[in-house]
Structure formats: structure tokens, C-alpha cells
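Each chain, written out:
Number of protein chains: 2
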Amino acid sequence: MIRKSILLFGLMVLVVMGDAQVNNAFSLMPVPSQLETNSKKCRINEGTRVAVKGHPDARLFAEASRFVRRLSNKTGIFLDKQGFVAASDSNEHALVLINVQRQGNLKLGEDESYNLATNENQVVITANTDIGAIHGLETLLQLVSSDENGYYFPGVTIFDEPRFAWRGLLLDVALHFMPVDVVKRNLDGMAAVKMNVLHMHLCNDQGFRVESKVFPRLQKVASDGQYYTQEDIKEIVAYAGQRGIRVVPEFVVPAHTTAILTAYPEFASVKRDYTLQRYFGVFNPVMDPTNEKLYPFLEKLYTEMASLFPDAYVHIGGDENTGKDWESTPHIKSFMQAHGMKNYMALQTYFNQRLLPIIRKTGKIMMGWDEIFQPGVPKDIVIQSWRGNEAFYNSVKQGYKAILSYGYYIDLIQPASYHYVNDPTPDSARLTGEQKKLILGGEATMWSEMVTAETVDSRIWPRTAAIAERLWSPATVNNIDDMYRRLNITSLNLEALGLQHIAYKQPMMRQLANSYDTKALEVLVNVIEPLKIYERNQGDTMYTVFSPFTKLADVATPDQELPRVFNKQVDSFLAKPSPELEKNIWEWLTVWKNNDVQFKIVLRNAPVLREGAGLSENLSLLASAGLDALQHIHDKQKVNADWLKQSLTIVAAARQQGGRCELQVVDPIEKLIKQAAE
Amino acid sequence: MIRKSILLFGLMVLVVMGDAQVNNAFSLMPVPSQLETNSKKCRINEGTRVAVKGHPDARLFAEASRFVRRLSNKTGIFLDKQGFVAASDSNEHALVLINVQRQGNLKLGEDESYNLATNENQVVITANTDIGAIHGLETLLQLVSSDENGYYFPGVTIFDEPRFAWRGLLLDVALHFMPVDVVKRNLDGMAAVKMNVLHMHLCNDQGFRVESKVFPRLQKVASDGQYYTQEDIKEIVAYAGQRGIRVVPEFVVPAHTTAILTAYPEFASVKRDYTLQRYFGVFNPVMDPTNEKLYPFLEKLYTEMASLFPDAYVHIGGDENTGKDWESTPHIKSFMQAHGMKNYMALQTYFNQRLLPIIRKTGKIMMGWDEIFQPGVPKDIVIQSWRGNEAFYNSVKQGYKAILSYGYYIDLIQPASYHYVNDPTPDSARLTGEQKKLILGGEATMWSEMVTAETVDSRIWPRTAAIAERLWSPATVNNIDDMYRRLNITSLNLEALGLQHIAYKQPMMRQLANSYDTKALEVLVNVIEPLKIYERNQGDTMYTVFSPFTKLADVATPDQELPRVFNKQVDSFLAKPSPELEKNIWEWLTVWKNNDVQFKIVLRNAPVLREGAGLSENLSLLASAGLDALQHIHDKQKVNADWLKQSLTIVAAARQQGGRCELQVVDPIEKLIKQAAE
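Top line first, the protein sequences correspond to chains H and G.
Here the UniProt record's numbering is used: the first residue of the first sequence is 1, the next is one more, and so on.
Here the UniProt record's numbering is used: the first residue of the second sequence is 1, the next is one more, and so on.
Keep in mind the hints are simulated off the structure, nothing from the lab.
Incorrect hints may appear among the rest.
Unchecked claim - Below, simulated DSBU-like cross-link-like pairs (lysine-lysine); rule was C-alpha separation at most 30 Å, straight line:
hint	chain 1	residue 1	chain 2	residue 2
1	G	K107	G	K271
2	G	K184	H	K234
3	H	K401	H	K437
4	H	K333	H	K271
5	H	K324	G	K81
6	H	K213	G	K184
7	G	K593	H	K74
8	G	K184	H	K53
9	G	K333	G	K397
10	H	K361	H	K107
11	H	K220	H	K271
12	G	K271	H	K81
13	H	K593	G	K107
14	H	K674	H	K636
15	G	K220	H	K184
16	H	K293	H	K271
17	H	K568	H	K593
18	H	K234	G	K220
19	G	K81	H	K532
20	G	K436	G	K397
21	H	K600	G	K41
22	H	K41	H	K74
23	G	K213	H	K213
24	G	K53	H	K220
25	G	K184	H	K220
26	H	K293	H	K333
27	H	K361	H	K379
28	H	K220	G	K213
29	H	K40	G	K600
30	H	K600	G	K74
31	G	K41	G	K107
32	H	K184	G	K184
33	H	K81	H	K40
34	H	K74	G	K532
35	G	K220	G	K234
36	G	K40	H	K600
37	G	K593	H	K583
38	H	K184	G	K74
Based on the provided sequences and hints, a complete structural model is requested.
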């Protein structure tokens, strides 16, 4: 029996691409430094070829070949004649001509600029380095436009270069492991928005994620079998390098080392039975800096790891040491007293000073979190700032190089707009030109307490594209509405790379609803978000590495579009009522009001969703109150006091969490209710 | 601006899971040998534990641990207390108790049976081997049911064992390469439906896909960089073995060897410039069996490859030799004459007889396609039959062991029902008991001319589950309607494993439509299928390895449910009209009639979809004619001759392909039209 809900109740879709023909020159993300458009159209057809001039290299040939396949997949045009772009492809009249001067080096500050110019017959990309040219190819793919005659590259003249040299994504593969294919598709996403540093957080209390041949107990007893082989690491580094992306490894010491201490407990400050930590949080286990055997161990470990990661930087973590295991251990306490150390932070500085020559010996530059910035630390380290902008400016004001992560914590489920306005060098910081130069850039941080391989893309994308733009584009590119317009388009472009940030939702909803019919669930999911900041994990007590992350709070995504747009519509309506806005608001409220009946039917077969029953009921009651309010506003009748009191009770109830999620349309409906009482 | 199509035009969803509470004992796939149900319910909650008795091994512990996580993910119940099932988990009162006698061997004919019994307090799985117990765990996951009190295992008593010992899936990773993660998720799918052989087709004219350390040119010049490292192969073999699945490698000789000959042209029959074949089909390049240096080469190659694949069998292909390069080469022709060989097949038999001792020396049993079955071939080989059931029965009647693939060619886009009724030992074959014993089983074959990593799951699943059932369950389990009912549920279970057979469609539709709104495209996609058998590739001339497989024919899937169900509804209606059926048919026809207007709007921004414009128009015209017919049937008025003629013209036009797809609702609408003329 076919049952159709079509005529009764349909699925809502936010249509972000208009009917009009789009010239994608105005949808680029990140926005180029300089962009001029013209009305010329360079047509793409089966004769389209890519040719390379100057001093191309293997990387450029591979990326140009990948460009051909992506262009073919996007347009459906058979470009079979050019299986690979090779040195023999040097026809000056090829539709896409790339001219590069030299191979770029994977190092901080390398020239990443490019020029891109289109006329009717040709696109020419000119760059000093192949890395610049690769950025140009990403821009060119974003430019693909269409009209009644098919696909074309629109006429543009672009000069583009990054504002900051360090544009990173921290991927935490320690708290929840991320398989190689997840890392690879996120590298593709990073390249698409011109990010250039993958910072891999490779160990923590929950596991050590890289095979060590020198200390094999690290993967044997401290990874649950979830680690990268050295071959995997080489593959990731090569894959990243192919896209012009550096890989900076982080091996956290001296705290957050439960995993290392599980494998090698002799380096712990306190003798205990160490086993992998299953919860997430800040714990006491810490290495013993007074143990002279620790330093040869660290030297061997960092030396082996350094050999896997060719980048000039290595991150030593250094964060969140509680100091308790130091303060409570007599021989360490004595050591501190003997060396005149006032507190455990002084001991950590001592530790860092011992570690620094080890890192230098491996040929690397040491970097770490805010905490390593203590009096006496040499100036050739780099500080990654997570504690706040003040700490960040303080570092550079004292002459240290720094990168910003505070404000880019994408695990905290805040909207893209929040991250977008977080400028690393705002005027308000009153930095000198010299100080500004010390600010290398920033990194979005994807901590993985609450994410798995299945959901991680949805926590990274598309929001990280807004951060990528902040770090690449001129500071003057800061219109939030336009950012969101382009972010919607960018999100589809990212999906073309295989990223699962949109696609994971339907399968997860089918699993949750235990049905192919996910409409009622989707109506709810589209107006909720997971609890923000660190609320979801109830003070680190609720979730462990073994918890199911396949529930309502996992299918809910950050920065939902519908509530954002609905809120804007309500604001517009309250500022200046119009029949069209009123109709829109009325229709959405009606959908939400009626959805609970359908959702209750879903719940019969889906006990896992019953934790969301309250959210769905509250949404219905709230929408119902909103409809009453709208009617009163329409009729220009003031509501009575009882109704208002009752409605505000509904509003308060609707702010309660359910299934570790919260409704995102409470504020705009509350505004309607209050307006109706005016 | 939010635009809502909700109130205008909704998305249709086939609701296959009813509202009623489902006891999943009746939805198992494959159906067990013996199943009794009772009304007991064994509740699943946070106290649920798995314990193991008898002689468990590392594989069983790992699979039991995976079971705990899957159960937690499916139900959302926190089972964090049991991170891993270990030897210490031996509590006889655990909710799930597994009792195994010994570790199973990964060999043909191993005991795979298990017993599963549920009462209110416990599920007990008893099996001779851990492989049987692992099958029992898959059954147990399928059994998970729910009611108003939450999740439970329903009361059952099951004894289960396979009908055939060889239940395989051939995955062709040569024509289009499939990355390791694609192979792994398909192994998970195989295990879920109790398949036990992954046959990897590892080389063909388009590429050699395994790293060879002895002959590194194979991957260097004959793989386009798309190959498995030896570590990858070990990983795949281990992953498969962990699920009780054998991996049988196929290295095709002497034809389909363009890739090998590209690397080592000295072994070719004809001197040419060999380069990787980009088209798909049957080609002349073939090894020279008269070259004595060929055999040491093959011995080294098969010996190296044998060391990577522990299974007892190795497949040597042997198919589709045109013989032309032999017949046309003087020294080979002379050799054939000197040895009294009448044709090239005799020379291939000579080649096989030379190869057989080489394969034996590696410790393996040789198998190959039908073509290797020639007079004089020794009886310890295994024939894989693709040419037809007669060839298959002929093999076993002459005393050869054989497995069936004819009728299981899932690349040919035929419905599950077609494969399901293809019994390897039907009564009509008149086989003796001894002959039946020679039939080891069967293999679904996923040839990859027309599939990529993105689409391959949708060509394998869920249809292969029907083949898995044919090979596992008693022959008497053969009700097609019930198979489809259970296949729908199984398909969702397969999706929980990460298989992309359903999930890939929405992202691909978004890419095609260049929009988040895919409704109009989906209406069309739900009633079309790719051209069947070998029609899509226009006699091997249309597609190459570089072609875009991201188009309408790629998002269209085999065996669409809606046309099948609609056709049944029309049949029922014509047999016995009812208002309800009439309303259903009317509603669908109305949807299809009206969709073209919406689809045309999609086309404005999506030139790639314009190849489907004709299909959409034809669907609209066809549905319009169907509505007319329905009206006449309703009014009991005969249509006039002109209308009939015109409508049948529409029907004929609607049978034309568009975008290498065809409409699947032409037959039922034609029936309505003809009925209206009666």
C-alpha cells in the first residue's frame, strides 16, 4: 500500500538558490582580494582542455587533472579526452591555461597569490607558485555558472592573496578517532576554501593515535586499536601537501597524557593503575618533570614523530595541567621548593625549557597553547591562544608569535556569524604594525568529545568556511547576510567533495525514526540545535567514548538556517507589518503547531526519539501561542493578561532542553507574544 | 526569503514501516532454517551485557564488542559500562549469553550454524564455531523490536544454517577502483546478510590494483595510481576474516590483460604500444602462451599474490579471449598447428594446463570462468558460471565443482525478484544428489563499468540481500512479496552500517539540481531506472574510465519501489475497481502530470539535467493520458478511437530513453489506456 503524505503534509525545504541565472563571481568564498567582473562568458564544452605553461611540477599536474574530473562531474560534460593533464598539455589556446613560475614550498608565508582572468575564449591563471595556481583552480570551480546555453566561466579579473599566512583547522582525532578517509575529505574541504594548515591533535587521555615503532605499547595498549599506521600518516601528509596544506602534529605533554602513561606508567608523577580515560574533561595524570629518564623518552618519541611530519612546527600542547599530581607528590614538591618554584606553573615552565632543546634538536619549531607562555619562555616558540583575546594580544605585545583559536571553537555549536566577526587584529586591540606581524593567523578547533566520524563533518562545515574567509579575505569583507548567502552555496560545493555535513542527516533520521518517512522528525530537527558551549555533557559526566552519538542531539546541527531566517522575518514584520510576511510567519507557525501529532506517531516505533517528545510538544504549544498572537496583532486587538501570563509560561517551558537540544524559535515567537500585549 | 513548497507541492515518501508495533522476528533476512516465535520479551536497557562461555576467541570478543556498540547506536541506550566484551565477561546471567565450542576456520564448508533462543530474561546463542555465533549476533540485531515500554528482543527459538557453503559477492575494483573504506562497508553489509565470500576482481584491461613488490611496474605504470598497497590488502583480508568472510582474489589471464601488458609488454602475443584501456569491453590483447618466459613470470606473480590472500582459492579469470591476437600471429599459429590445436580455445586449455601446476605450487585451488572448462581440464578446479544455467549444469554433470553467477549479475539493473527466483539447483535441472553436492553456491557480480565508489553501494544493495537469502535460506522460502517487504527493512539495517545505497541520492540530486530543493527531480527519479543489461553503454562506445558518473542515470537506481507498487495497484484496480485504489492511482498520476512544470524550473539552473527533459515531458503527457483513461473507466464511458491512437503514440514515445534512463510506469498506464478503450 502506498501512503502519500504529499497532499496532507509536505517536507519543507529552504530554497536558497533562486530561479534566476546566477553569476557565481558574486558567490565566491573566500572573497578574493580584488575582483572585477565583466559580461564575457567563456563556454565549457567537450573540447575544454587544461594546459600548463612555465615551470609546472607533479603536484600541479595532479591538481589540474583533479580539476578536469571535478569540472566534468559538476557539469556532466564528458572531458574524457583529457584523462590527465601532463607536460605535453601546453597548448597556449587551451580553454584553461595555467602559468606558474615555480613549485611552492610547504612553509609558513609561502607565496599563495594568483591572478585569474577570463575572456570569451580563455581562462588564464597566473601564479608565482603552484600553490597559488591551485587556489586559482578552486576559485575557477566556484565560478562555474550556467544559462540557457549551458555552462560557462563568467568574465572576471581577479587578483587574490591571503590576509594571514596560517589558516588552520585543528582536527582532534584523540578523543574520538577519525579514519583516514574522514581526514582526506576534510582536507578537500579545507583546500576548497583555501585553508592551509591541518593541525592534528593526535593524543590525549583517551588514546594515542599514531603507530610508534620505538614505543609500540603506545598503539598496543593506549589506542583501543584506533590509530594511524605510519603509512597512514605518510598518506595523509602527502594528500594534504598535494593540496598545498601543511600538517602540524600535536603531541600533548605534560598533562592530558593518561594514554601515554597507560603505556609507560613509569613516567607518571603518581603511581597508579593507569588505563585509558573513557570520560572527557580535565584530569590529574601528568608526567613527572623531575624524572630524568623522562627526557630521553620524550626525545626519542618526538624524534620519531618528527620524522613522520615534515612540517617545521610541532605542537606540544601544554594545556590544562591541574597541577594536583605535582603538588601532592612529596619528591616533586621538594623539587619545586629546592628550585624556588612558587607554583606548579613554574614547574611546567621548567619542563617546557627542558623540552624546547629536544624539539629544536628534531629540527622543529615548538608551539603550544596559552599555558606555555610563562615568564622565561624563549621567543622562538609560537603560542596558540584559546583562553581569550586578551591573552592573545598579551602574547604578541610581549613579542611572541601567535595564532588565534579563541572565538574559533567550532565544537561549541555557535553560529558562523559569531566566528565570522572574530577578527584576529581588530582596531580595538590597538596593536602596532610590528605586533600585527606577529599574528600569524588562526585555527578553527574541532574538538571531538561530542562528535564521531559520522557527525564530524556537520560540526566543521559549512561554518569553518566563514572562518576561512575571515583569515583569507580583506578585513573589510564582513557583511554577515552576504556571508550566509554565499555560505549556502559554498556548502553545496563542499558537499560535491564528498563531505557529509548535509548528507549524514537523512540516514541518521531514518535510523532514528526507524522509517523511510522522516518528515515529522525533520520539521523538529530543523528548529533545534544541540546544547551549546559545554552544556551538552553535563559537566563532563554524561558521555564517554562508548556513548551512542546517534541521537537527536547528533542529527541536530549548529547554526540552523530556518530559525535564523524566521527570526529575521519576525523582526521585519514587527518593524513593518506586511501581508506577505504575515502569511509566511503564519504558515510556519501552523506547520510547527501541527507537527506534534505526526511526531507522536513516529515515536510509537522509535523509543530512541522519546527524549524529544517534550521539545515537540513545546514547539506545538509555542507555535499555537504565536498564532494567537499573530491573530491579535492582525486584528489590532490587545491580548488579555491571563493569556499573556499563560503564554509566557509556555515560552519559559519551551526554553527547556530535551534530548540535549533546545528549540531555536523561542525568541521570535516570544517577540510576537509580547507585541500582541502592547 | 523562505519559500515553502509545503502547501503547494510536497515530497512523496514511500512509507514501508507501518505504524503498528513490529515484531522483527518476521522480518529476518535471510530467513532462518527454523524459526518459532513466542510472546516473551527480553528487555534491553542500560544494564544489558554480553557474556561469552565455552571456548571464545579474539574474533568473537571483537565481534561481540562491535555488537554492543551497534545495539547502543541503534537504540540510543548507553551501554558504556561494557566498552569491550572480554574473557572476564562470563556471567551466566548476562542478558546476551554466547556459547561457542571452537574457533571457526575460514574455509569452504566450515560449520556456520547457530541456535538462538530468547526468554524474558536472556538471549542465548549457541554455536559450534564463532563464525556461527557471529551469524547469530547479526540475527539478534535484526530482531530488535520496540513497544510502548522501549526496546526488546522478541521471544524466538531459532536453528539456522546455510543451504550453500559459497555465498559470494564479486566486487570489480579493476574497471573502476574502489577505495578500502568502500570495500569495508560492503563487507559489513555482506556479514549482515550472512554472505561469506568476497571475490575481488583485481585486474583487467583498465588497471592492476594490487601493489607488487616483485613486479612494481604493475602499480607504477598500470594502475593510474589507483591500487591497494599490500598493507591495504592485509587490512581488507583481516577485516573480512573478522566477519567470517573469505577473500578470493581474481587475477585474470590470459586475456583482459592490457594492464599487465602495459607494464610488461614482452609477454604479449602481438608487439604493440600497450597503454591502459580506457573503454570497457572485450579487447584483443592477450598473453603469449608460447613464450616460455611467461610461466616463470606468472609463477612469481601468483606466488607473491598468493602470499597476500590466505584463502585456499585463487581465480584466474580465463574469460573473453577473442583469440584474434593468437590466430593472427605467425609463431603462435605455427605452435597451434605443431601441437594439433584446432582453435584458440585449445591453446587456452594448453595455457591453463601450464598454469594449473603453478597455482597448485602456491598451495591454492584454481578457479575460473566458464571458458576454462574445456576437454582435458583436471577435476580439482572450480568453474564459475556466467554464460547460462545450461553451461552451469553441464559442468557439474561432468563432475566439476561449480558456483553460479549467471542470473546474479547485479550490474545489469534487473530487479531483486529476477535474481531471487534464480535457484542454483531447481528441480527442472534434474540433477542427482551427487551433482547437487558439486554446486557450491553462487556469487552476485558487481562489475564496475558503470559504477564508481559514489554509486556502487546502490547497485549492490539492497538487491544482493535477496541473493544472499536465496543462497542461505531453504529453497522453499520464495515468496516475492514477502521478500520485498523484508528487503525494505533490511535496506534500512544495511544503511545503519554506513552503506550509501540510499544516502548517496540526495547529495547527488542536490548537485544535479544545483539546489537544496530536489523535489521535482526526485519525483522523476523515483519513476525511472538506468537502461538495463548492456544498453546504457551503447555497445561499449559511450563511456570510459574518465566519464562523469554523476548524472541522471547514476542517481536513478535499479528496482524502483514506486513503479512496482503502482503497477500492482493498477492490476488490482483493473481486476476489481475500488474507490480507494482509484484515488491512489489518481493522486500519483496527478503528481506526475504536474511535475514537469516544476522540473522545467529546475532545468533553468541545471543544464546537466536537460538530458532528462524529454523523460519529464513524456511522464507528464503519459500521466495526463492515464488520468483521462481513469476518468473514462470511472464514468464507464469508452474512449474514442482518435484519443486511443493519440494516447498510444504517447505511450510509444514514453518508452524512449532519456539521459540513459527509461520510465518505469509506462506499462501500468498503458493498461489503463487500453482498459478505457474496452
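Here is what the structure says about each hint:
1. G:K107 - G:K271: Since the Cα atoms of K107 of chain G and K271 of chain G sit roughly 42 Å apart, the hinted pair is violated (cutoff 30 Å).
2. G:K184 - H:K234: 21 Å, holds
3. H:K401 - H:K437: It holds: about 8 Å lies between the C-alpha atoms, which stays within 30 Å.
4. H:K333 - H:K271: 15 Å, holds
5. H:K324 - G:K81: 28 Å, holds
6. H:K213 - G:K184: Holds: K213 of chain H and K184 of chain G sit about 26 Å apart, inside 30 Å.
7. G:K593 - H:K74: 29 Å, holds
8. G:K184 - H:K53: 41 Å, violated
9. G:K333 - G:K397: At roughly 33 Å apart (the allowed maximum being 30 Å), K397 of chain G and K333 of chain G break the hint.
10. H:K361 - H:K107: Holds, at about 19 Å.
11. H:K220 - H:K271: The hint holds at about 21 Å.
12. G:K271 - H:K81: Holds. K271 of chain G to K81 of chain H sits at ~25 Å (cutoff 30 Å).
13. H:K593 - G:K107: 59 Å, violated
14. H:K674 - H:K636: 13 Å, holds
15. G:K220 - H:K184: Since the Cα atoms of K220 of chain G and K184 of chain H sit roughly 22 Å apart, the hinted pair holds (cutoff 30 Å).
16. H:K293 - H:K271: Holds. K293 of chain H to K271 of chain H sits at ~16 Å (cutoff 30 Å).
17. H:K568 - H:K593: 20 Å, holds
18. H:K234 - G:K220: Satisfied, since the Cα-Cα distance of roughly 18 Å is no more than 30 Å.
19. G:K81 - H:K532: Answer holds: K81 of chain G to K532 of chain H is near 26 Å, not above 30 Å.
20. G:K436 - G:K397: The given pair, whose Cα atoms are some 9 Å apart, holds under the 30 Å limit.
21. H:K600 - G:K41: With Cα atoms ~23 Å apart, K600 of chain H and K41 of chain G stay inside 30 Å; holds.
22. H:K41 - H:K74: 18 Å, holds
23. G:K213 - H:K213: With Cα atoms ~22 Å apart, K213 of chain G and K213 of chain H stay inside 30 Å; holds.
24. G:K53 - H:K220: 26 Å, holds
25. G:K184 - H:K220: 22 Å, holds
26. H:K293 - H:K333: OK: K293 of chain H and K333 of chain H at ~18 Å, within 30 Å.
27. H:K361 - H:K379: 17 Å, holds
28. H:K220 - G:K213: Answer holds: K220 of chain H to K213 of chain G is near 28 Å, not above 30 Å.
29. H:K40 - G:K600: Status holds; Cα separation ~26 Å.
30. H:K600 - G:K74: 19 Å, holds
31. G:K41 - G:K107: This hinted pair is violated, its Cα atoms lying about 37 Å apart.
32. H:K184 - G:K184: 17 Å, holds
33. H:K81 - H:K40: This hinted pair holds, its Cα atoms lying about 26 Å apart.
34. H:K74 - G:K532: At roughly 25 Å apart (the allowed maximum being 30 Å), K532 of chain G and K74 of chain H satisfy the hint.
35. G:K220 - G:K234: 20 Å, holds
36. G:K40 - H:K600: 26 Å, holds
37. G:K593 - H:K583: At roughly 28 Å apart (the allowed maximum being 30 Å), K583 of chain H and K593 of chain G satisfy the hint.
38. H:K184 - G:K74: Roughly 27 Å between the alpha carbons, so the hint for K184 of chain H and K74 of chain G holds.
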